[in-house]
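There are 2 protein chains.
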Amino acid sequence: MSKKTVIDLYFDVISPYSRIAFEQFQSLLRYEKSWPIEVNLVPFFLGGVMKATGNKPPMMTPAKAIYMNKDLQRNADYWGVKLVPPKDLMETLLNRGSLMAQRFLTAIDARNKEHVAPVARELWERVWVRNETIHMISDLREAAEKVKLPNAEALIAACNSTSVKETIKKRTETAVNQGCFGAPWIVVHKGEREECFFGSDRMPLIAHTLGCTFDGPYPLRSNI
Amino acid sequence: MSKKTVIDLYFDVISPYSRIAFEQFQSLLRYEKSWPIEVNLVPFFLGGVMKATGNKPPMMTPAKAIYMNKDLQRNADYWGVKLVPPKDLMETLLNRGSLMAQRFLTAIDARNKEHVAPVARELWERVWVRNETIHMISDLREAAEKVKLPNAEALIAACNSTSVKETIKKRTETAVNQGCFGAPWIVVHKGEREECFFGSDRMPLIAHTLGCTFDGPYPLRSNI
Numbered sequence: 001m002s003k004k005t006v007i008d009l010y011f012d013v014i015s016p017y018s019r020i021a022f023e024q025f026q027s028l029l030r031y032e033k034s035w036p037i038e039v040n041l042v043p044f045f046l047g048g049v050m051k052a053t054g055n056k057p058p059m060m061t062p063a064k065a066i067y068m069n070k071d072l073q074r075n076a077d078y079w080g081v082k083l084v085p086p087k088d089l090m091e092t093l094l095n096r097g098s099l100m101a102q103r104f105l106t107a108i109d110a111r112n113k114e115h116v117a118p119v120a121r122e123l124w125e126r127v128w129v130r131n132e133t134i135h136m137i138s139d140l141r142e143a144a145e146k147v148k149l150p151n152a153e154a155l156i157a158a159c160n161s162t163s164v165k166e167t168i169k170k171r172t173e174t175a176v177n178q179g180c181f182g183a184p185w186i187v188v189h190k191g192e193r194e195e196c197f198f199g200s201d202r203m204p205l206i207a208h209t210l211g212c213t214f215d216g217p218y219p220l221r222s223n224i
Numbered sequence: 001m002s003k004k005t006v007i008d009l010y011f012d013v014i015s016p017y018s019r020i021a022f023e024q025f026q027s028l029l030r031y032e033k034s035w036p037i038e039v040n041l042v043p044f045f046l047g048g049v050m051k052a053t054g055n056k057p058p059m060m061t062p063a064k065a066i067y068m069n070k071d072l073q074r075n076a077d078y079w080g081v082k083l084v085p086p087k088d089l090m091e092t093l094l095n096r097g098s099l100m101a102q103r104f105l106t107a108i109d110a111r112n113k114e115h116v117a118p119v120a121r122e123l124w125e126r127v128w129v130r131n132e133t134i135h136m137i138s139d140l141r142e143a144a145e146k147v148k149l150p151n152a153e154a155l156i157a158a159c160n161s162t163s164v165k166e167t168i169k170k171r172t173e174t175a176v177n178q179g180c181f182g183a184p185w186i187v188v189h190k191g192e193r194e195e196c197f198f199g200s201d202r203m204p205l206i207a208h209t210l211g212c213t214f215d216g217p218y219p220l221r222s223n224i
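Those protein sequence lines, which keep their order, are chains A and B.
Residues in the first sequence are numbered from 1 upward in steps of one, following UniProt numbering.
Residues in the second sequence are numbered from 1 upward in steps of one, following UniProt numbering.
You may find that some hints are simply not true.
Copies of the same chain are indistinguishable here, so a pair counts whether it falls within one copy or spans any two.
Mimicking DSS-like on lysine-lysine, the simulated pairs with C-alpha atoms at most 25 Å apart in a straight line are [to be verified]:
1) 56 with 70
2) 113 with 190
3) 70 with 190
4) 56 with 170
5) 4 with 113
6) 33 with 165
7) 169 with 33
8) 56 with 146
9) 165 with 3
10) 190 with 148
11) 146 with 4
12) 56 with 190
Hint data in this document are derived by calculation from the structure and do not stem from the laboratory.
Based on the provided sequences and hints, a complete structural model is requested.
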């Protein structure tokens, strides 16, 4: 077995930049095939990170909100990922939030890890492509049906379990203790060391850390 | 004469990410030689941008300050640019600021544009490499001597002229009207259109906009 570098990708489906990082790393279509890495998806709670660090979402500053919309479209175009901001952006991001969705992914992660990616992708597409909600149990149920998630009802019920609540809380704390203040939060495990990166825009620096080449949105297969 | 895309690089020597963008773009050593671009250095005042937009420097959030220090070191290593944070970081950035230095560069830009780059580099190295100050007239004088700036005393005197004060104010307003909320602010003039980018980390997207290839910190010569 080849020795691969494990990369934790802490993500929240409320975060469009997490989606970009997710699509870059995951789906086993991009750099997992060309760099010697193994991606570990870690659902956590961005709202908890913001609260713990006193950080504020970029769209709280009007000029940043306008820029972010443009920057997201450019990133989406560059990476070939569709991104459509929800119509009721502030309500979606600040009030409805992602707590239930992230608990659901945490429950899936604990019992059926290989289903985290398809469910996360479906939830992202609901909120960041199709203008659908993700904060209600019925939303989670629809997402589960769409991707044919086994044991969906048990996993939905687990969202309110102490075990899931404690797990997501601990993970969010772990990220904050590593220095996290937003999402995505990417942890490269180099032997005993952890190198932490914030954002979807540090791919060239991550490549540099790994001793690999960043080839843009469509990596060459010859890197590995 | 080949038709080159003009890129305005709005920068402030107080800003380490401006330094990274500057070294990427300017010095006629990197992408100006491999992409069909012509870089126009535009000194402006970051403090004025922050005030106009209500944005706050990243180091006002403790977790961001810690991350920023690490991120700057990684960027410096990647780009081969030296960056040493000033010992008295908060005092330097928040209280001493860069108003006189940026006025000085504005005066130079109006009368002797080709000297903007060497003076800016020297000022950056004072504050972001050698732990020296840039807020006093004697600092500007030292920088001018170091790079053998012609007419230094007249240019230093011009810092307090109405013309220089108005020019820097107008430029800062122009950037804010374009959507700027921080530095560096990079404006790509594509025909009648302006594509604006924030930060030193949008090189892959700028390449995509130009139809060029981003080759990392040491561009190939074959792109043009």
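Hint-by-hint comparison with the structure:
1. Taking CA atoms no more than 25 Å apart as the test, residue 56 paired with residue 70 passes in both settings, with 19 Å inside one copy and 21 Å between copies.
2. In this homomeric assembly, residue 113 and residue 190 come within 25 Å of each other (Cα to Cα) only inside a single copy, at 23 Å, whereas the closest approach across copies is 46 Å.
3. Taking the shortest alpha-carbon separations for residue 70 and residue 190, only the inter-copy value of 16 Å comes in at or below 25 Å, while the best intra-copy value is 35 Å.
4. In the homo-oligomer, the alpha carbons of residue 56 and residue 170 lie at most 25 Å apart inside one protomer (21 Å), although the nearest pairing across protomers, at 30 Å, exceeds that limit.
5. Taking identical chains as interchangeable, the C-alpha atoms of residue 4 and residue 113 lie at most 25 Å apart only when both belong to the same chain, with a minimum of 19 Å there against 51 Å between chains.
6. In the homo-oligomer, the alpha carbons of residue 33 and residue 165 never lie at most 25 Å apart, since the shortest distance is 34 Å inside one protomer and 55 Å across protomers.
7. For the homomeric pair residue 169 and residue 33, neither the shortest alpha-carbon distance inside one copy (32 Å) nor that between copies (50 Å) is at most 25 Å.
8. For a Cα distance limit of 25 Å, the shortest separation of residue 56 from residue 146 qualifies neither inside one copy, at 33 Å, nor across copies, at 42 Å.
9. Proximity of residue 165 and residue 3 under a CA criterion of 25 Å is satisfied in neither setting, with 33 Å inside one chain copy and 59 Å between copies.
10. Proximity of residue 190 to residue 148 under the C-alpha cut-off of 25 Å is found in neither arrangement, the shortest distances being 36 Å within a copy and 47 Å between copies.
11. In this assembly of identical chains, residue 146 and residue 4 lie within 25 Å of each other by CA distance neither inside one copy nor across copies; the values are 32 Å within and 50 Å between.
12. For a Cα distance limit of 25 Å, the shortest separation of residue 56 from residue 190 qualifies neither inside one copy, at 30 Å, nor across copies, at 33 Å.
Checked against the numbered hints above, the structure breaks hints 6, 7, 8, 9, 10, 11 and 12 and satisfies the rest.
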